[in-house]
Amino acid sequence: LVEVVHVSALDWLVLLGTTLGIAGYGWWYTRGRKQLDTYLRGAQNTSWITIGLSVMATQASAVTFLSTPGQGYADGMRFVQIYFGLPIAMVIIAAVFVPLYRRLNVFTAYEFLGRRFDGKTRLLGAGLFLLQRGIGAGLTIYAPSIVISGVLGWPLDLTIVFSAILAIIYTVSGGSEAVNVTHRFQMLLIFSGLIVAFFVIVASMPQGVSFADALHVAGSAGRMKAIDFSPDLNNRYTIWSGIFGGVFLMLAYFGTDQSQVQRYLSGTSVRESRLGLMFNSVVKVPMQIFILLLGTLVFVYYQFEQPPLFFNRAEWRKYTEAPGGDTLRKLDERFVPLHAEEAARIRDWLAARHSGDSAAETKARAAMTAADGQTRQLRAEAAKTLVAIDPKADTKDTDYVFLTFILDHLPHGVIGLLVAVIFAGGLSSVASELTALGGTVAVDFYRNLIKPEATDAHYVLASKWFTGLWGVLILAFALFFQFSDNLIQAVNKLGSIFYGPVLGLFIVAFFFKRIGGTAVFWGAIASQALVIAVHLFARDKIAFLWYNPIGVGACVFFSYVVQALPGVSSAQPKASLAA
Amino acid sequence: MSSPPPPESPPEESPRVPVFRTWRGLYIFVLGMLALYIVFLALWSRWFT
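The listed protein sequences correspond, in order, to chains H and L.
No gaps in the numbering here: position 577 of the first sequence is 577 in the working numbering, and each next residue is one more.
No gaps in the numbering here: position 22 of the second sequence is 22 in the working numbering, and each next residue is one more.
Please note: incorrect hints may appear among the correct ones.
[To be verified] Distance ranges between label pairs, derived from CB positions: (1) F29/L x P411/H: 38 to 44 angstroms; (2) F199/H x I28/L: 31 to 37 angstroms; (3) T22/L x G208/H: 51 to 57 angstroms; (4) R115/H x F40/L: 27 to 33 angstroms.
It is worth saying that the hints were derived from the structure and are not from the lab.
Ideal placement from N, C-alpha and C gives every residue a C-beta, glycine not left out.
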């Protein structure tokens, strides 16, 4: 089961042609821009469809195309619930945030905090963003690189450097406008790749297994359960955590994270910005359903075709060759007949279903469930054995499922296209993050504190330097730091630790007119301390999506408390800041 | 002399999207779509078990 993966010349042509072509076009189209407005906000002449695609491209990182199908494979469709808060958040942002940002003509979301409160609150918001997004951007490059290099056998460092350098070149050169231009093509590539993958997977199902059969097989294994009404706070994906926790996560991400705010600030008008967000609201949930469905269909495919016992084959190979690796090889040998048995029981069950004989169907389902239990047990044994050989072994292999499937079973050309989709996802996110990081340092720190009066050309040059420096910092971070845990969850968890207090700053700014800068500043710091404490001491009891409402609620509460203390001044009403 | 037509709404008051005359209408549509997705997925979960 462990073989060398061959990527053909056609795959290379498709991969390099699309990846370099899009990046090169972005660089060429936007070369020589000298206006700060153009560099940071794309001259505010972007149409709603470009904004919508750009917002989607920023959120859809490479991890989306590796981890999400992996989630569909291992856990079914229920991960989609995390996106239920998105449309609600989008409506709030379109109705409240966008008009205010546009009216104040700000370059960054934190500039708004400075106008509403004071300089220190602006710096706190910008600082928390830089800290959180800086780490996140390193992860955005590192996470897919380790999977791609592991599966394709490419050197990890080279994969990281290739992704980062490409993003740095066109982002530093063309700024926000280059990001907008490339996002359109990257999303086109992503949509095309996903649709092609869907048809190829459906066409790859064994003879006699229709699309409907495949969905029923997935359903019989619990993979079709998309909605979970359980009130358990520790249950990571339920409709409640998705709507209530998700709405705060999405509000924070789309409403206060400069990598997203910059996308819709580039709109020609409030109308274009709002329509772009509404487009994202309507399209995002079906897109995630579709990506999860791909993973679920891959699961069904591997019910009939022999999969590897452990999908991270580089890791598996390493330990089979290590002392104690005999046990792993024996597990591999035991897995083949067990899998064949399970495939036969599934076929029996499908035949019984088609016959309409409910008694036979029940009996066949019981046999199928028993066979499934045996293969699950073997997989658990494999994970235990890996840990017994090396306690630090990474036993989670779901991020490797989709790429393994692509490489093993899809035709050449399509392989190149789908690896290009993964790279496009990575580049599209990193590019937004880089322009946002560079722009925030330039506007909120450099122009605000160091050099308030200079020409546009000077600030553009400064922004380019800061963007480039962030690129180098992120590259170094991705090269020298090691990450663990499921990739997409790591990104979301990281966001959730910082997002609550930052969103709290904005919620107070928009809806609590009497609270002033000093109160909200200390309120945000206290709430950040609380969220970190919850993460350190209660993460086993509270799923990470709940950190967001906790952070927001704590920030509002502590701000009120500090505001009530004697000697703390209230905010002065400002007509231009009315929501 | 007929009275002048009522002034047009300011550009930001209307999304200028066919069917939707106000932003509120568009927001309700978006939230309605979310409800539709949830109902669809609930039925989907029930059907494929």
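Do the hints match the structure? See the list:
1. F29/L x P411/H: 38 to 44 angstroms: 41 angstroms, holds
2. F199/H x I28/L: 31 to 37 angstroms: The hint (31 to 37 angstroms, Cβ to Cβ) holds, given that F199/H and I28/L are roughly 35 angstroms apart.
3. T22/L x G208/H: 51 to 57 angstroms: Between T22/L and G208/H, where Cβ atoms are some 53 angstroms apart, the hint holds.
4. R115/H x F40/L: 27 to 33 angstroms: 43 angstroms, violated
Hint compliance for this structure: hint 4 is the single one not met.
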